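Colleague: Listed here are the chains, written in short residue letters.
Protein chains: 2
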Amino acid sequence: MATHFTVIKKDVSSKARLGRLVTAHGVVETPAFMPVGTQGTVKAMLPRDLKELGCQILLGNTYHLYLRPGHGLIRNLGGLHKFMGWDGPILTDSGGYQVFSLGATRKITEEGARFQSHLDGSSHMLSPEKAVEVQEALGSDIAMALDECIPHDATREYVRESTARTIRWAERGLKARDRTDQLMFGILQGGLFEDLRRWCAEEMIAMPFDGFAVGGLGVGEGEDLLRSIGAFTAGLLPENRPRYLMGVGRPQDILAAVRDGFDLFDCVIPTRNARNGTLFTSQGKLSIKRAEFADDPRPLDETCGCYTCRNFSRAYLRHLFMAGEILSAQLNSLHNLYFYHQIMKRCREALGAGRSDCWSLPAEAGVEP
Amino acid sequence: MATHFTVIKKDVSSKARLGRLVTAHGVVETPAFMPVGTQGTVKAMLPRDLKELGCQILLGNTYHLYLRPGHGLIRNLGGLHKFMGWDGPILTDSGGYQVFSLGATRKITEEGARFQSHLDGSSHMLSPEKAVEVQEALGSDIAMALDECIPHDATREYVRESTARTIRWAERGLKARDRTDQLMFGILQGGLFEDLRRWCAEEMIAMPFDGFAVGGLGVGEGEDLLRSIGAFTAGLLPENRPRYLMGVGRPQDILAAVRDGFDLFDCVIPTRNARNGTLFTSQGKLSIKRAEFADDPRPLDETCGCYTCRNFSRAYLRHLFMAGEILSAQLNSLHNLYFYHQIMKRCREALGAGRSDCWSLPAEAGVEP
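For the protein sequence lines, the chains are B and G, in the order given.
Reminder that position 356 of the first sequence reads as 356 in our numbering, one-by-one numbering, no gaps.
Reminder that position 217 of the second sequence reads as 217 in our numbering, one-by-one numbering, no gaps.
These are calculated hints, taken from the structure and not from any lab test.
Quantities reported herein were computed from a predicted structural model and do not represent experimental measurements.
A hint or two may mislead.
Stated by the list, open to error - Subject to a maximum C-alpha distance of 16 angstroms in a straight line, what follows is the list of computed EDC-like cross-link-like pairs (lysine to aspartate or glutamate):
1) B:Lys-175 to B:Asp-210
2) B:Lys-82 to G:Asp-178
3) G:Lys-82 to B:Asp-210
4) G:Lys-345 to B:Asp-210
5) G:Lys-43 to B:Glu-325
6) G:Lys-345 to G:Glu-29
7) B:Lys-82 to G:Asp-296
8) B:Lys-43 to G:Glu-325
What the hints assert, rightly or not - So the derived label-pair ranges between C-beta atoms look like this:
9) G:Leu-102 to B:Arg-298: 55 to 61 angstroms
10) B:Arg-298 to G:Ser-356: 26 to 32 angstroms
11) G:Arg-310 to B:Ile-8: 31 to 37 angstroms
In this text, a Cβ means the ideal position worked out from N, Cα and C, and glycines have one as well.
Please take these sequences and the hints and turn them into a complete structure.
Modeller: What follows is the structure in structure tokens.
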């Protein structure tokens with residue numbers, strides 16, 4: 001898989017790069033954002049509408065699909081692509097982050113993570129081998145090695161021990177692989193300690209991963225540490241492998257991370273915010289429930305070309321939200337995902353043309369007012 | 001408005017007719033089904049997806065839009081078409097049926113129906129004039145005169161008095177009109193009494209309505225009475241005006257009513273059933289939550305050409321339903337509405353070709369197993 005990733009062009013004023021990632025289900029032009037399809041669906045989005053707004057690759061959740069409907073069932077039905085009607089690339093996470101989120105109901109041992117299902121309380125063991133087995137059954141284009149996502153306030157001692165275990169898990173995961181049509185990325189932990197990040201990177205880079213992800217950021221450490229540890233860790237990674245900053249995040253966080261040399265991103269923010277009525281625009285975030293929008297005939301964003309902005313007013317979107325209509329989630333999700341994909345597209349276009357005009361927009365125009 | 005409706009062809013073996021209804025926002029080929037857009041949206045459906053599945057005309061609810069967001073607001077924003085992003089024909093009901101459904105919280109007087117909002121308990125008067133005012137503000141292509149929907153078990157005396165009032169309300173409604181670009185239909189009541197239906201029809205037909213609707217059916221009277229009173233009343237109506245059977249219903253009810261000479265239909269069944277996981281197929285109704293579908297790789301309906309059936313398995317649709325995903329409502333609604341529109345399209349094609357092969361399918365193939 002040595003040629004699956006190509007850096008096409010590098011920015012002169014930052015570490016950003018334009019890349020091309022080849023997967024079994026097609027090419028991903030990077031930098032790219034991956035909408036999150038937690039339970040085999042990007043919430044409220046038809047796959048054809050995802051295609052239309054420029055989505056190249058989805059993220060699927062191993063934890064959720066393992067529990068329901070079950071990876072064996074999905075495998076028997078032809079894999080996750082066929083199951084969810086998406087013929088483009090899919091990256092699956094390892095389940096580690098969801099298990100981490102379960103808090104008190106999970107226990108980490110050398111073997112793996114034992115956890116209780118959030119659905120029925122049943123007990124399960126997610127080992128590095130199991131994470132590979134599930135992801136191979138799902139048939140994703142990119143699988144992630146099992147890691148432990150470390151709380152941002154963990155002690156240095158815990159971070160060291162946990163990171164050492166994540167490194168051992170990565171080795172076990174690689175050994176468990178059967179499929180040859182699936183890329184596999186390792187996940188770097190190391191908490192907020194630069195020396196532990198460096199050590200973890202060195203250990204991971206020595207393994208035959210097709211790409212590297214940086215985990216354990218965007219989990220409460222704050223913007224400064226997210227930026228500094230992210231940039232530091234990106235700098236440790238090889239040029240010729242894709243770099244994925246997991247679970248991050250806000251548009252301005254993603255733009256900063258692109259400049260630091262990251263290629264792939266995922267986050268539930270655009271879709272979750274959409275369902276909560278929070279919408280991204282070139283003029284800043286906007287809460288559609290506010291009374292001021294009740295009679296506002298303007299689209300969400302005058303400069304946006306999405307289906308929602310081309311056809312509906314803020315007044316209508318507010319009405320749908322207040323009335324609890326499903327169409328509210330549909331139109332809002334479509335807009336926010338379009339917004340995110342436009343940011344990435346603008347980055348790629350600027351990088352391709354050797355321009356540096358993609359960084360100040362739209363984040364500094366007020367995405368976070 | 002004398003030429004707004006043309007009967008193009010009549011069936012030789014029934015009273016069915018192929019028609020063409022011209023409205024300010026385009027032509028409706030009849031027989032036609034109108035999806036219900038209660039609160040300014042056909043639940044879970046993008047307008048462009050409605051267009052794609054063959055939807056020609058929507059129904060909007062005066063009661064709901066009057067209360068929220070308010071007809072004045074919709075008028076100021078350019079009318080209901082612009083508000084909801086639908087540029088095709090819209091028929092609005094008069095609000096009478098919703099007020100009737102409120103039960104104990106509404107009071108009928110000669111002036112109109114006084115009712116309490118289901119949203120905030122506030123008191124409102126829906127008079128025949130108000131119903132016209134609201135519908136003119138909404139700017140629908142077809143407005144309905146205010147009627148009282150009579151319970152199926154009402155006494156003959158009540159039905160007579162109520163129907164007389166509905167006739168007086170119809171006269172008042174016609175006098176209150178200002179717009180010339182809006183058709184107006186009268187609603188026939190008369191309960192389950194043929195002589196009262198005849199009397200009501202004679203009174204209504206004498207008024208300058210652009211079409212006639214039959215109300216008060218499909219409200220619990222049972223299939224036999226629905227069919228017999230429906231057929232009887234259709235036979236009382238002029239050939240050269242569209243005939244609308246309100247709120248009916250199941251596919252087999254609609255097909256029977258087409259044969260009896262009705263042209264327009266609306267019902268929440270396809271969309272409400274969709275959200276509840278009940279799906280129409282050429283082999284009968286199907287409850288997608290059933291365990292037998294958990295690993296079923298087949299589409300809902302092998303013969304269906306809708307987006308849902310072309311791309312997703314029963315197993316996936318069951319998964320979405322069980323997981324409570326919004327996409328479940330989207331894909332199910334899309335399928336059920338496509339199914340209804342295909343029935344109507346097949347009727348129109350058969351009528352146009354002088355065939356009589358549209359009646360036995362799909363209803364008697366087991367839509368209601």
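Colleague: Compare the structure with each hint and give your call.
Modeller: Hint-by-hint comparison with the structure:
no. : hint                                       : verdict
1   : B:Lys-175 to B:Asp-210                     : holds, 14 angstroms
2   : B:Lys-82 to G:Asp-178                      : violated, 55 angstroms
3   : G:Lys-82 to B:Asp-210                      : violated, 50 angstroms
4   : G:Lys-345 to B:Asp-210                     : violated, 53 angstroms
5   : G:Lys-43 to B:Glu-325                      : holds, 7 angstroms
6   : G:Lys-345 to G:Glu-29                      : holds, 9 angstroms
7   : B:Lys-82 to G:Asp-296                      : holds, 13 angstroms
8   : B:Lys-43 to G:Glu-325                      : holds, 7 angstroms
9   : G:Leu-102 to B:Arg-298: 55 to 61 angstroms : violated, 35 angstroms
10  : B:Arg-298 to G:Ser-356: 26 to 32 angstroms : violated, 53 angstroms
11  : G:Arg-310 to B:Ile-8: 31 to 37 angstroms   : holds, 36 angstroms
Of the numbered hints stated above, those contradicted by the structure are hints 2, 3, 4, 9 and 10, listed in ascending order.
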